[in-house]
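Undergrad: Sequence:
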Amino acid sequence: MEPKITHLERIEIKNLWGEVDIDWQLDPKVNILIGVNGSGKTTLLELVDCIVQEKNLKTVFDFNHIKLCFNDNHIIYAEQIKDFDAFFKKSTRKITAFKSCDAQNGYTCESNFIEDSDKFRYRDFINLDKVSTFDMSEEDKEAIEHDGAFYENTDLDKTLRKLVNDFKGYQLKLRNLERCETTTLDDKIRELSLKENTTVEELQALKQALHHKEAKVAEIYQQKNQFLFELNSLFEGTHKVVDFDQNNALIFNKKGKTITPYRLSAGEKQILIILLKVILQENQPSVLLMDEPELSLHLASQLKLIETIQRVNENCQLIIATHAPGILNKGWRDKITNMENITFTN
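Take 1 as the starting number for the sequence shown in my numbering and just add one per residue.
Don't take each hint at face value.
Claimed, not checked - Calculated lysine to any residue pairs in the SDA-like style (CA-CA distance at most 20 Å, straight line):
#1 240 <-> 259
#2 304 <-> 204
#3 4 <-> 127
#4 162 <-> 248
#5 162 <-> 127
#6 168 <-> 223
#7 195 <-> 208
#8 168 <-> 39
#9 173 <-> 189
#10 130 <-> 239
#11 119 <-> 108
#12 173 <-> 285
#13 67 <-> 288
#14 335 <-> 346
#15 168 <-> 185
#16 173 <-> 217
#17 55 <-> 109
Unchecked claim - Here are the computed distance ranges between Cβ atoms for each label pair:
#18 204 <-> 300: 47 to 53 Å
#19 176 <-> 21: 48 to 54 Å
#20 214 <-> 310: 24 to 30 Å
#21 344 <-> 215: 49 to 55 Å
#22 215 <-> 2: 26 to 32 Å
#23 172 <-> 216: 17 to 23 Å
By construction, these hints were calculated from the structure, which means they are not laboratory data. For clarity, every value in this text was computed on a predicted model and none was experimentally measured. Heads up, the beta-carbon is just placed ideally off N, CA and C, and yes, glycines get one too.
Modelling step: build the complete structure from the supplied sequences, incorporating the hints.
TA: As structure tokens, then:
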């Protein structure tokens, strides 16, 4: 039986930078991590992301081990290898996790919920994604500053293009589901509609079939419609409205003028990326890591961010690292954790 992993419950990091331990108990829904620059907020998110996604670390971090505890006692344990020769001499375990970019360091990962590590990866069981304002390179930032707010070839645009394309696939999936779910109802409606003489009972059956189909279609498209509603709400201040082109790709309309997603401002692109990632979770249990979203989001968007994400996917656990007080002013103060309260000096 496959494990059902819904959220992250605890993060333990031992001897980070050779200086501190971190022990953080998380809320299943919303977590807001604050702290001064250099306290380790971004490092913590990056380590979690790299372990679950089994990606190379962008930076080599010194630590002894990391323990990620998920619901129902599902655990991933990562340990740094400081000496490859010594490790291979004393261990017959197979390395199944990421390796650092530094050839002098390596990592092993073990879990208590994957039996065949050659066949399965952690991401097969854990729906985790990360959004970071630092995904934009310095070259991209310089290009935007030089060419204006509507530069179209940044790393941000590459991420956006993939998500827009994935959203087209998501819509096709919904249409196929609608066709599958309503075919029998359509046949019944067609049969009753073509009858020349219908009884009161048959008319009532036709009415019920039409109502059932309408309810079924509304159910299938509920999440997508919520996504579009939230997006329009966030873009209302700039008078942009979500639309679709002839290929069913997502575009925007502003007073009759068509605007592609790649002609949005950097902040608007970031909003779109966040919500596309959430809608593509398809309402499944998910973990979304967000690193300092305030650096690219307008304050008005920050104030709505958490509620908006929860309305698009109520099963999404949020783990946000931030400096911005604006994101905290709408009833989330009990979800705030200060890095100094979960960091312990060795």
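Undergrad: Which hint numbers does the structure go against, in order from smallest to largest?
TA: Hints 2, 8, 9, 10, 14 and 15 contradicted; others consistent.
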